[in-house]
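Peer 1: Chain by chain, the residues:
There are 6 protein chains.
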Amino acid sequence: MSEERPALSHIDPSGAANMVDVGDKAVTDRIAVAEGRVVMEEATLALIESGNAKKGDVIGTARLAGIMAAKRTHELIPLCHALLLSKVAVEIEPDAGLPGLKVRATVRTTGQTGVEMEALTAVSVACLTIYDMAKAVDRGMRIEAIRLVEKDGGRSGHWQAA
Amino acid sequence: MSEERPALSHIDPSGAANMVDVGDKAVTDRIAVAEGRVVMEEATLALIESGNAKKGDVIGTARLAGIMAAKRTHELIPLCHALLLSKVAVEIEPDAGLPGLKVRATVRTTGQTGVEMEALTAVSVACLTIYDMAKAVDRGMRIEAIRLVEKDGGRSGHWQAA
Amino acid sequence: MSEERPALSHIDPSGAANMVDVGDKAVTDRIAVAEGRVVMEEATLALIESGNAKKGDVIGTARLAGIMAAKRTHELIPLCHALLLSKVAVEIEPDAGLPGLKVRATVRTTGQTGVEMEALTAVSVACLTIYDMAKAVDRGMRIEAIRLVEKDGGRSGHWQAA
Amino acid sequence: MSEERPALSHIDPSGAANMVDVGDKAVTDRIAVAEGRVVMEEATLALIESGNAKKGDVIGTARLAGIMAAKRTHELIPLCHALLLSKVAVEIEPDAGLPGLKVRATVRTTGQTGVEMEALTAVSVACLTIYDMAKAVDRGMRIEAIRLVEKDGGRSGHWQAA
Amino acid sequence: MSEERPALSHIDPSGAANMVDVGDKAVTDRIAVAEGRVVMEEATLALIESGNAKKGDVIGTARLAGIMAAKRTHELIPLCHALLLSKVAVEIEPDAGLPGLKVRATVRTTGQTGVEMEALTAVSVACLTIYDMAKAVDRGMRIEAIRLVEKDGGRSGHWQAA
Amino acid sequence: MSEERPALSHIDPSGAANMVDVGDKAVTDRIAVAEGRVVMEEATLALIESGNAKKGDVIGTARLAGIMAAKRTHELIPLCHALLLSKVAVEIEPDAGLPGLKVRATVRTTGQTGVEMEALTAVSVACLTIYDMAKAVDRGMRIEAIRLVEKDGGRSGHWQAA
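Residue numbers (my numbering), protein chains in the order written: chain A, 724 to 885; chain B, 724 to 885; chain C, 724 to 885; chain D, 724 to 885; chain E, 724 to 885; chain F, 724 to 885.
Here chain A stands alone, though its shape is the one from the complex (with noise of 0.2 Å):
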């Protein structure tokens, strides 16, 4: 690769995709922050809604589904490196003006490298259980805005979107 332009990190010089080594890399503290969220029709919100006042199953659901894949996401994600996460959370909250609910996952790590594939993979299983929950009154839903708000730890340091 020419030096005027970034590499794919996971491209080797021959073009072959491979695990980046990480093997020399400064075992540090690592944490990052994904959102995402899924846009429905209004009537989908309130069903949510008025059964999580009840009982909390479709939001409580999806949270448990993105904290287990978060664990996974190197068996999902092909040359991400495993990790042993010491926290993931998720929060999930109804937002009226979508109309829908707004997901966000925070991921840490003391490790080789960081933790934002964990905390988008948390994000996107939560949205798709909302999906799978909500799809039998609501088939037109949308799952919109994945993205990486904030990651610190490593070597570029602090990082957050604009």
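Treat the hints with care, as some may be off.
If several chains are the same, the list does not tell them apart, and a pair holds so long as it fits within one copy or across any two.
List of simulated lysine to aspartate or glutamate pairs, EDC-like, C-alpha gap at most 20 Å [what the hints assert, rightly or not]: (1) 825 to 867; (2) 810 to 735; (3) 748 to 735; (4) 825 to 735; (5) 810 to 747; (6) 810 to 875; (7) 810 to 744.
Just so you know, these hints were derived from the structure itself, not from any lab.
On the provided structure of chain A, position chains B, C, D, E and F as indicated by the hints.
Peer 2: Quick look at chains B, C, D, E and F alone, frame taken from chain A:
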């Protein structure tokens, strides 16, 4: 649940989340198509495309990740039934207008329940893999517009997104 | 094996453990129900119930863990066949008399072999999850009386625990 | 939470179930020992022991199933952290007094959180495997008295069951 | 693809790797048999055989590992379909002439696609497990001659290795 | 065990298979390199190479399958410890002399036990994936000569195959 409003299918009358019993549903051919996209900087897309022209690795890796994830959907989505998928296809195409990559998954089975979640999971994990492989050059990428575009088979017949 | 005594079905004539060949068994509707309980201190149950009254999380989390584990039974039990489960339901109820929580799982399939192991695995993992979530306050909890209570379908027909 | 009563560690102040953050806990040697038993008819135990005298397969299979399950505890128990286990040992012994088999698992790690759940999961899955391999001759077996018997390491130090 | 030469079934006309669509294939009984061997020093074989005469553990452990791996073939081989296996049997026998162990796996299903990969995966993982358990005394062992020896069922009918 | 002969490390004094306790081993940098090959008909190799020249899919798919399998070695090999791999690289090259493909995997970690099994598993699953993708045109392919070629780190230091 009253007759006036639709019910969340995974919430039983006591309000607990459980798998829907599909044991009495007909075994029919079922197909689902889902889409999504990863929006990125123009330079990131150029980098992926140039790598891809030579070796195909970002797009090829994401396609495989999506296919493999579809087979494990029932492990990720708590109340989703396991199914034997007869086909999973993932297509990924650059779109200069985004700029970014568009992902489309088609899943087929013969069974008692639909494959929407498998198609949506394939798209989500393919998008996450693209993010993973390009994040070293563009941390601000966003995964957008993951949605079901078509389904067929089962009691509800053919459905197409507006 | 002699005719005088029953055989262990997974041990072949040479004494080696292998999967039973179910390829010639009939495809029938099959159901199994299993039960178990977690016995704890009275104060622990009160804590779970009060948390549960408000948010449902210990019981809800254990129920989901049991359902998800049922789908992976064949990965855990070495000689168990994979099956497509059409229903998994887990019910968890407080029992002041123990004191503790009673767990009951019902699993249904249409296939060539029964779902006893899936029901027992759902109960076991739900009980383990209850232990996990309450262990910070009560390390001495015990998981008791995990057993099959009913099964139906297949050559042996209906069976009910005494 | 008030100071007067202990808190369920996985329930955050808002009542949502989340993984406990162990990122600030010390990395120490940790060990846990758990036990359980499968109670069966005398004839069933005799059959397992006679098979075992010759080939060892029921007990050997259950021991391996327990060991392998311990390594996957964090996939089964939703809020459990992944850990690198440095040792898993499972011992299974006949007990004519039950009659049945007694199962004991010892798990060791160096990490930020304990291995109680890994030891309890090893015992549970070993017991389930015994049930699976003997169920053709004795459907009424019961899994009993799964409990933690000892733990060491971490802030709470040494603990032994009464 | 031209008519003069056969096509790689997983590569679609655009050159992308995708799962073959088996949805229109007949559901038939299918069987596959695969073999392989681990070649080792004479003393290593003697050690395994002596251990085996007493407790059977190397061979018994490898046999179980092969059986369990067969059930997860579709997770390992990216474009392989999930199947419900009705039988998996693994036989392992010492062969003084190699010297080493010969491994043979037989897999059976009723489905829309063959079980060659399941049989080959069972053999491969059984061989890897033998290597793992004996590597402390013989690092130079080699896994040799893994191949399909027979298959039956499906459109191509019966096939036997030369 | 007597002092005159080496012991199988996974068999404890009672003859039972258990995980070796690595808790007291030093944490060191460890690396392992393994190799293997798939021998096929000349025409099959030509087909793969021509496909590969254009799109890279057989070789690219096998490489990813090997990398992903390395991360799951401890799930497949019963007595293998989980490790956090800092690098997995798989290289696959055509060899007209076989004719066939040569596969080489390099795995690196910092931990208490070696990564030989991870490297051998990566090679095995890459070979199986090549078989899967080419089996429609050449059922007689053989996987040959899977072996460890080099290891470094840990008490035994550097080792290289003869």
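Peer 1: With reference to the structure, classify each hint as holding or not holding.
Peer 2: Structure-based check of all given hints:
Taking identical chains as interchangeable, the C-alpha atoms of residue 825 and residue 867 lie at most 20 Å apart whether they share a chain (10 Å) or sit on different chains (14 Å). Taking the closest pair of Cα atoms, residue 810 and residue 735 come within 20 Å of each other only across two copies (13 Å); inside a single copy the shortest separation is 32 Å, beyond that limit. For a Cα distance limit of 20 Å, the shortest separation of residue 748 from residue 735 inside one copy, 18 Å, qualifies, whereas the shortest one across copies, 33 Å, does not. Taking identical chains as interchangeable, the C-alpha atoms of residue 825 and residue 735 lie at most 20 Å apart only when they sit on different chains, with a minimum of 19 Å there against 37 Å within one chain.
In this assembly of identical chains, residue 810 and residue 747 lie within 20 Å of each other by CA distance solely across copies; the values are 10 Å between and 24 Å within a copy. Taking CA atoms no more than 20 Å apart as the test, residue 810 paired with residue 875 passes inside one copy only; the shortest distance there is 14 Å, against 22 Å between copies. Taking the closest pair of Cα atoms, residue 810 and residue 744 come within 20 Å of each other only across two copies (5 Å); inside a single copy the shortest separation is 24 Å, beyond that limit.
When the structure is compared with the earlier hints, no violation turns up for any of them.
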